[in-house]
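Asks: In case you want the letters, here they are:
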Amino acid sequence: MSESIYDKYETVIGLEVHTQMLTKSKAYCADEYEYGANPNTQVSPISLGHPGTLPKHNLEVVKYAVKMGLACNCTIAEWQHYARKNYFYADLPKGYQITQDKTPICTNGFIEIKLKDKEPKRIGITRIHMEEDAGKSMHDQDVYNTLIDLNRAGVPLIEIVSEPDMKNGEEAYQYLTEIKQLVKYLDICDGNMEEGSLRCDANISVMLKGSKVFGTKVEVKNMNSFRNVQKAIDYEVKRQIEAIEAGKTIVMETRSFDAQKGTTFTLRSKEGAADYRYFPEPDLPPLRVTQAFIDDVKQQMPALPKALFHKYTTEFGLNEYDANVLIESKEIANYFEQILAFTKNIKAAANWMMTSVKAYLNEQALHITDFKLQPKQIAEIIALIDGGKVSSSAAQKVFAAMIEKPAESAENIAQQLNLIQESNTDELQKWIDEAIAANPAKVAEYKAGKQSLVGMFMGDVMKLSKGKADPKIASKLVKETLDKQ
Amino acid sequence: MEINNEIIDKLADLAKLDFTETEKVALQKDMTQIISFFEKMNEVNTDNVEPLIFMNSHENILRNDEPKHEITHQEALLNAPDKDSDYFRVPKFLDK
Numbered sequence: 000m001s002e003s004i005y006d007k008y009e010t011v012i013g014l015e016v017h018t019q020m021l022t023k024s025k026a027y028c029a030d031e032y033e034y035g036a037n038p039n040t041q042v043s044p045i046s047l048g049h050p051g052t053l054p055k056h057n058l059e060v061v062k063y064a065v066k067m068g069l070a071c072n073c074t075i076a077e078w079q080h081y082a083r084k085n086y087f088y089a090d091l092p093k094g095y096q097i098t099q100d101k102t103p104i105c106t107n108g109f110i111e112i113k114l115k116d117k118e119p120k121r122i123g124i125t126r127i128h129m130e131e132d133a134g135k136s137m138h139d140q141d142v143y144n145t146l147i148d149l150n151r152a153g154v155p156l157i158e159i160v161s162e163p164d165m166k167n168g169e170e171a172y173q174y175l176t177e178i179k180q181l182v183k184y185l186d187i188c189d190g191n192m193e194e195g196s197l198r199c200d201a202n203i204s205v206m207l208k209g210s211k212v213f214g215t216k217v218e219v220k221n222m223n224s225f226r227n228v229q230k231a232i233d234y235e236v237k238r239q240i241e242a243i244e245a246g247k248t249i250v251m252e253t254r255s256f257d258a259q260k261g262t263t264f265t266l267r268s269k270e271g272a273a274d275y276r277y278f279p280e281p282d283l284p285p286l287r288v289t290q291a292f293i294d295d296v297k298q299q300m301p302a303l304p305k306a307l308f309h310k311y312t313t314e315f316g317l318n319e320y321d322a323n324v325l326i327e328s329k330e331i332a333n334y335f336e337q338i339l340a341f342t343k344n345i346k347a348a349a350n351w352m353m354t355s356v357k358a359y360l361n362e363q364a365l366h367i368t369d370f371k372l373q374p375k376q377i378a379e380i381i382a383l384i385d386g387g388k389v390s391s392s393a394a395q396k397v398f399a400a401m402i403e404k405p406a407e408s409a410e411n412i413a414q415q416l417n418l419i420q421e422s423n424t425d426e427l428q429k430w431i432d433e434a435i436a437a438n439p440a441k442v443a444e445y446k447a448g449k450q451s452l453v454g455m456f457m458g459d460v461m462k463l464s465k466g467k468a469d470p471k472i473a474s475k476l477v478k479e480t481l482d483k484q
Numbered sequence: 000m001e002i003n004n005e006i007i008d009k010l011a012d013l014a015k016l017d018f019t020e021t022e023k024v025a026l027q028k029d030m031t032q033i034i035s036f037f038e039k040m041n042e043v044n045t046d047n048v049e050p051l052i053f054m055n056s057h058e059n060i061l062r063n064d065e066p067k068h069e070i071t072h073q074e075a076l077l078n079a080p081d082k083d084s085d086y087f088r089v090p091k092f093l094d095k
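Sequence lines, in order, name chains A and B.
Those letters in the first sequence? Residues 0 to 484, by numbering that gives the first Met the number 0.
Those letters in the second sequence? Residues 0 to 95, by numbering that gives the first Met the number 0.
Derived by calculation from the structure, the hints in this document are not laboratory data.
Quantities reported herein were computed from a predicted structural model and do not represent experimental measurements.
Take every hint as true, because none was put in to throw you off.
Within a straight-line C-alpha distance of at most 20 Å, the following computed SDA-like cross-link-like pairs (lysine to any residue) qualify: (1) A:Lys483 with A:Val453; (2) A:Lys166 with A:Lys220; (3) B:Lys82 with A:Met137; (4) A:Lys23 with B:Arg62.
Restraint ranges, calculated between C-beta atoms of paired labels, are given here: (5) A:Val250 with B:Leu13: 22 to 32 Å; (6) B:Met54 with A:Tyr275: 19 to 29 Å; (7) A:Lys117 with B:Ile34: 52 to 62 Å; (8) A:Glu31 with B:Ser35: 44 to 54 Å.
Where chain A lies over chain B, by a calculated footprint (3+ residues, C-beta under 8 Å): (9) 56–68; (10) 79–92.
For each residue, glycine too, the CB sits at the ideal point set by N, CA and C.
Only chain A is shown next, with the shape it has when bound in the complex:
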């Protein structure tokens, strides 16, 4: 029984996540930025790096960074400044990136990730710092030249650097899912990895289990989806272990992910490691973040998914699966809570969200914010069921019809569709008497002890009433009437 070579090793993964801030203007100048806008139309002398221009902080970026820091349980730096990271590249017009080096705005936090059939795991956040994005280089549109679009130059980013706390691709995937959920709840980034508003680089190394010394780390870039991050990591771990087992040495390098092949390949070696010559940015005065400012930002923050999860599973008594689906996005959670303003039936509200509403949105590829029905209308349908006025299956018809006529009340629609249940006992008794009179033989069998025949009589009553008999009251009456025969 030989142990698999992969079981001998322990994997160490840290992630660097860049997220574009959803501010109205750029980090250090007033240009707008919209993904997909015509090239070089969202620029100014500052973002173009013209001589003699002076950058100026965007207050909103500081607020957004503090929000993320608080959401990640970080310490917020009281005093901080920016730094220049110098490198030469055609889409970086100034020749340096404005970033934070020695004084990141947030440090020393953590988030919790959910793992299948395991306790949540805590992943440390080393730091979060503010910086700016570079422009874009297009290599394939012109045969002889590289084309530069500077619209993205100067777009505010926060970089979230994790501790090397992750052990495999699945944990990295869950970590990214949490980060995306947080930035979306906070409304600071749209989290769209395909459009590049959330980007991730992974630092991966392997070492023999129990070793105290980390292996040589390799950086993997260019993964454009969460699944690809997971795949790239799993591939890279396998590659490194196999290389070591074959007696090779892992070299410090940057690799790129090839999504088609599901492999990674060398982008550049770190031997001639870049020398960024960081120094304090003299053009931007330092920043002092007061406790009053932090308190103010805290006030503006919505309830975060973890707090909602706790509330839904304890206070509302929902199961973990349902709670997780409901907190998936802030908008879904908001909608759910708005239904609760009109009904006390929490379970029913959760069920409607989990089944009919979600199914309809998925089918139509709609976002909850585009949903035509108001939360109050869902509560109306719930009230119809709870009041015995419509059956659960009829309620589905009411729901479908309401989407077509969102201006009408649930009860009106139920009436128009003739779905209101008959709970008037006099009406019900007529159908029951008719059903019993038509089946004297079955009545005799019932009297002889075949209790299960109640079901058959109920079926007849439902048929006679064209499905409008309130089943609860009707079945009670059927039994009572049979017993009197």
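Following the hints, put chain B in place on chain A, whose structure we already have.
Replies: For chain B alone, kept in the frame of chain A given last:
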């Protein structure tokens, strides 16, 4: 500290500049002088002294998040040595 050829080559590379051998010799001399001038400062004890980063006491000079459109697309490309109707054009390069 002596500035040797290796350091000159590294600095030239970082600054994207090319020098002839004669120029390098001159640079070596100049830069050794500059460095030794700054080394004077090492004579002062700076233990427990916070580095002075900013020359004035300004803090929190911030602007509100209000977008402005300052220049047109044509103006943006006006000073470019090479361009097409949409983009800045640079010699073809890959990597990164």
